[in-house]
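Student: Listed below, chain by chain, are the residues.
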Amino acid sequence: MEIAELLSPESVIPNLRATSKKQVLQELARRSAEATGLHERAIFDVLLERERLGTTGVGHGIAIPHGKLAELKKLFGLFARLEQPVDFDAIDEQPVDLIFLLLAPETAGADHLKALARVSRLLRDRAVCEKLRGANQPEALYALLTETAQSHAA
Amino acid sequence: MDALNHLILIGAGLIFLSILAGTYSSRLGAPLLLVFLLLGMLAGEDGPGGIEFENFETVFLVGSVGLALILFDGGLHTTRTVFRLALWPAVSLASVGVVLTALIVGVLGMLLLGLQPLEAMLLGAILSSTDAAVVFLLLQRSDRDINRRVRATLEAESGMNDPMAVFLTIVMVELLLDPGAREPWRLGIDLALQFGGGAAIGIGGGVALRWIINKIEIAVGLYPILAAAGAVTIFAFANVVGANGFLAVYLAGIVMASRPYRARQVISRFHDGFIWLVQIAMFLLLGLLVTPTALMDFLFPALVVAVLLLLIARPLAVLASLLPFRIEWRAKLFISWVGLRGVVPIFLASIPVVAGLPIGVTFFNIAFVVVIMSLLVQGWTALGMARMLGLEVPSEPESQEGALLFELPTATDREIAGYRVRPGSPALDQDFAALPLPKRTRVVGVIREGAVAELAQLARLQSGDYVILLVPPEHELSLDRLFVPMAPRHAEVLDELGEFGFAAETPASALASQYGLAIELDHPLETLGDYVARLLATDPVVGDRVKTGDAELVVRTMEEDRIAEVGLELLTEEERLPIVRRLRRARAWWMRRRFAERLPRLRRR
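Listed in order, the protein sequences are those of chains A and B. If you read the first sequence in the numbering used here, its first letter stands for residue 1, the second for the next number, and so on. If you read the second sequence in the numbering used here, its first letter stands for residue 155, the second for the next number, and so on.
Isolated chain B (complex conformation):
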């Protein structure tokens, strides 16, 4: 009994400490997950904690369920915009990209570390999936964000590539355990069953889960539990019948969120918290599991693998998978660089150990070091990289900032939003009766100085008023624009988006005559926004550019899916981005040198 209480005390205490430590580390900008890892290591056998923990089964169990919930949550949060902007590139990265990453790491591992072919492929598979959550944690700053298309691609990729990585890992483990177990033709059938079955179960499960949640009346607090249990059930069921549970649970999340469902906020908030708990638990366990002194033996090969992965495998795999898509080279470079590895590779590395492969522990240690390297190197450089490549854009006002949101108990697609009107809020300038509210949005009440105001007699809102509204979830952002004071626009970020800004409604002809731009209009009254949108031919995001003779037009501001402001860019890419200048210069130098080498030989002839 005593031992059990000790265990509970240690477990709860560690999680408690981790969260406290987390709030401090985010202020320091250190990769948060490393703090949890460090705490685990301190509590472990080589640290002052001295806890001996060698239970890979626990890691595997916590990891599977945790990853399933992470993917479900990822699916729930994947918006239409993400798909619109990045579906096919992400699919390519998550399929071709994962296989290529695994292959390249495998082949190089074979050549450099002398691994057996199958073992090398296993190592490649373990390391092949990315984790975008960590990147966004680092990139999230109040005033700036990264290019939406890049962000959407990384986000969707990281959700979609786990199923493929899991599949590859399991196949490799099975082949290593019994090389005759699978004939090649069986592999094809497995692949079809894994992904076809996973997709079917996921889509069906998602629809069913949403239907059940919308149908039954239970205590509000139970909805998130119901959703989580449903997700894990879908996951486990798929696995039991031989389909890909990770794919199923991810798709279930997407499908469930594609239509309104009850208790959306409660479920979403619960899961956000729960995902944190899973991440913390995983990294704590890993910290406990790993024996730092033993790691030293693997340090060298692990560093080699990390370098191969970050500098060769990931970039090559990304460039190859994005080949069919029209994506700027700067975006490709950034995506190549920030293929951050998170908790998934370590979870995958526990599979061969649990399966009893002798090489398992070695790979586990290697995966451990690679993940740390990736978190450190890529985590800390991502922000600078985004700036250097000119992929920073001004951030949208944070949704729900300043808003209190309540759920309506039925499955309507409206929520209750409450705002405190603050000085500088755009709503203050408007007649109350003529507030430019989004569609299907209504003011329910206004509370002024502690008393409920008579709406009919209200002329204007005052600073300090509470406004309570009914709003469809998709218009929350528009409502934020109305009530949250606009942050001053930062000239540094706008500098990257053209020298001068013009409203999208400006006639394109006005700009053409003002600057002598070569603009071919669709019709004489075409607006600047329409012109840019037409030339882009993809869904525009802030930062997209079109060339018009000697200048470029840049999308500066978007409102929902529409271009709102266009920048006129006078500088060339080379003048704007120092890195482009340096790269061009380096190339020129290289060409000169090669030419100079050949020159004497040519002369001799």
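With the rest of the complex left out, here is chain A:
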């Protein structure tokens, strides 16, 4: 599973503005609704429900919110960098500024887990995260997210 299969260049947001975890999720839901044609509210509810099970803020300023939606056709990813880090109830209590959202169709099964593992492995690389924080253009961010994926897969 490659990042490029989950993420299109249009789904990279270099400067998302939000002041709270809830706002971040709302904003992500809005953007994904635009891209997938699904209901914004449905996406938001799914994300919120997942956060209730336990935070997706995995530490080091990174969050990977995710969920399953019956109406979705294929895996959908969205990357956002926050203009101001927000409190995300992360496990290390550090504010979050890098977010990779992942939505999966109800039927995705093992692919859902594989995609999550792929994203997690990518963002676990501290060097990649530093570069992501340093880049400015959406194209550059997209290149970082997908390029490193290839070198890792080798």
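It is possible that part of the hints are untrue.
What the hints assert, rightly or not - Calculated pairs, DMTMM-like style, for lysine to aspartate or glutamate (alpha carbon to alpha carbon, straight line, at most 25 angstroms):
hint	chain 1	residue 1	chain 2	residue 2
1	A	K74	B	E680
2	A	K114	B	D567
3	A	K131	A	E10
4	A	K114	B	D649
5	A	K131	B	E729
6	A	K131	A	E40
7	A	K73	B	D704
8	B	K701	A	E106
9	A	K114	B	E729
10	B	K369	B	D567
11	B	K701	A	D87
12	A	K22	A	E71
13	A	K131	A	D87
14	B	K701	B	E728
15	A	K74	B	D704
16	B	K701	A	D111
17	A	K114	B	E706
18	A	K114	B	E674
19	A	K131	B	D649
20	A	K74	B	D649
21	A	K131	A	E49
22	A	K114	A	E83
23	B	K701	B	E680
Derived by calculation from the structure, the hints in this document are not laboratory data.
Since the structure of chain A is provided, determine the placement of chain B on it from the hints.
Tutor: Chain B only, in chain A's frame:
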């Protein structure tokens, strides 16, 4: 008279210097005991000190009493948890493991160094016991610890294997002195008497000692002395009647600590300090005893033995003794690697010298070099090894950190604990009347700004308050959780424990449907914590894993003996641990090569 004063001055001065040097070396992370050894060598005949010291009897005497007290202390500190997690593996390591280590070192020593069979076995026996205290000294860091089960195994092993090593050494020495001294059937009887008698005396002695300590009223400062004297008496009595004194004194410690006893803290603190003194004294004496220039002659054989021990004998012995137990290969590898040798082998090496065996001094020098090698190589690599094998876990808040504890003068099982409430302490968020105190725990008083506060009128605790409580010793840790500010959880360590965390109360079905996991529930409402505990089928420790289809569930946090948080691990072992990847790759390469070698031959056919 003058000479005597000089001796006192030198002895006290050296110990004083050693402790000072110790505080500096711990900052540098150097194995502390090596510093003492070095000081001893500097004070010795080849160093500027120029002290000539050739008295092996002193080493033997200090060593026996010292080791007895170390084992007693080890027994006192062995908690139920350690037994619960590691009793049988440790017993196997301490019996089968010790014999195998001695045998393997012996056989290889025979083949490579041309030793006589009995001599080679003696060398093996001398080197067969481990010392966990040194490992933990190195592994202890504020924010992380090693896997509890691994830790418990190493800890229990190091206490239990000394009696067997001592027994083997003495048997070998006796056989070397007089080969006809023991018929084989006598050996069986000796073994039974040594271990059966040792166990009986130890258990009886422990019960008696606890009873006496709880019964008599003496000055508080005398309790630790009474305990120490009692321990050494049990040790010596067992030895006199032909039983194993080391086993007896270790068991006495365990038995004594299995029920509440008076002056627990005073005794425990005194012994902690005393154990340090013994270790320092031993290593200082050894430094004095050894003649560095003479060591050079033994350097080569000693290095050979060290390599044999660390790389062949220990790993083989560990793998064989742990064969019947379901222990992860990573844990086995780590246990194989950190079989650190401490003061015991050098003490054991003084036995043949004192007994007058000609090979004694040679073995003493070899043991000396092996211990140094072991301290250096294993001591300095243990931490990296734990990380590489993914055996690091977040550490529990240090018990008694921030707490002042006082003993109650009677043998109740409560202690007085005092905490200064610090900013960030979880207790600050609670109504004072509704503080979630552990069972049988009570607030005795609160001191605010130097004055005793009226408990009934207290609404909330403030930062800077002193809280004084009565608490049963087993709940001290829960109390720490309430009063000591939580250290921020380190994402680096949690990274090893799954990508996402879930409270243990989460219904397992919620996770199953969220991720499409193959979870077979016991009943529809089974919680995640119960599910993991059920599948593990052993007492869980942080870092334990169960496979569920395409993912793994990891124990992330424990509260006392209960799973509190479970991690969902999406990566495979290979993806998580670089070393596994490398090992698999190496194996694949090796298979390919072997296959490539055979291929032409097969074709020819």
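Student: Sort out whether D704/B lies within 25 angstroms of K74/A, counting only the CA atoms.
Tutor: It holds: about 20 angstroms lies between the C-alpha atoms, which stays within 25 angstroms.
Student: Tell me if the straight-line CA distance from K114/A to D567/B falls inside 25 angstroms.
Tutor: Measuring from Cα to Cα gives roughly 53 angstroms; hence the hint is violated.
Student: With the threshold set at 25 angstroms, check whether the alpha-carbon distance from K114/A to D649/B stays at or below it.
Tutor: Holds, at roughly 17 angstroms.
Student: Keeping to a limit of 25 angstroms between CA atoms, is the pair of K701/B and D87/A held or broken?
Tutor: Between K701/B and D87/A the Cα gap is close to 32 angstroms, so the pair fails against 25 angstroms, i.e. violated.
Student: Are the Cα atoms of K369/B and D567/B separated by 25 angstroms or less?
Tutor: This hinted pair holds, its Cα atoms lying about 15 angstroms apart.
Student: Is K114/A within 25 angstroms of E706/B, Cα to Cα?
Tutor: 13 angstroms, holds
Student: Would you mind confirming whether the straight-line C-alpha gap from K701/B to D111/A stays at or under 25 angstroms?
Tutor: Status holds; Cα separation ~17 angstroms.
Student: Does D87/A sit within 25 angstroms of K131/A, going by the straight-line distance between their CA atoms?
Tutor: 22 angstroms, holds
Student: Keeping to a limit of 25 angstroms between CA atoms, is the pair of K114/A and E83/A held or broken?
Tutor: Given that 25 angstroms is the threshold and the Cα spacing comes to 29 angstroms, the pair is violated.
Student: Starting from K131/A, check that the Cα of E729/B is at most 25 angstroms away, please.
Tutor: 22 angstroms, holds
Student: Would you mind confirming whether the straight-line C-alpha gap from K114/A to E674/B stays at or under 25 angstroms?
Tutor: 21 angstroms, holds
Student: Within a Cα-Cα threshold of 25 angstroms, do K73/A and D704/B meet the stated pairing?
Tutor: 22 angstroms, holds
Going through the hint list in order, the structure does not satisfy hints 1, 2, 6, 11, 20, 21, 22.
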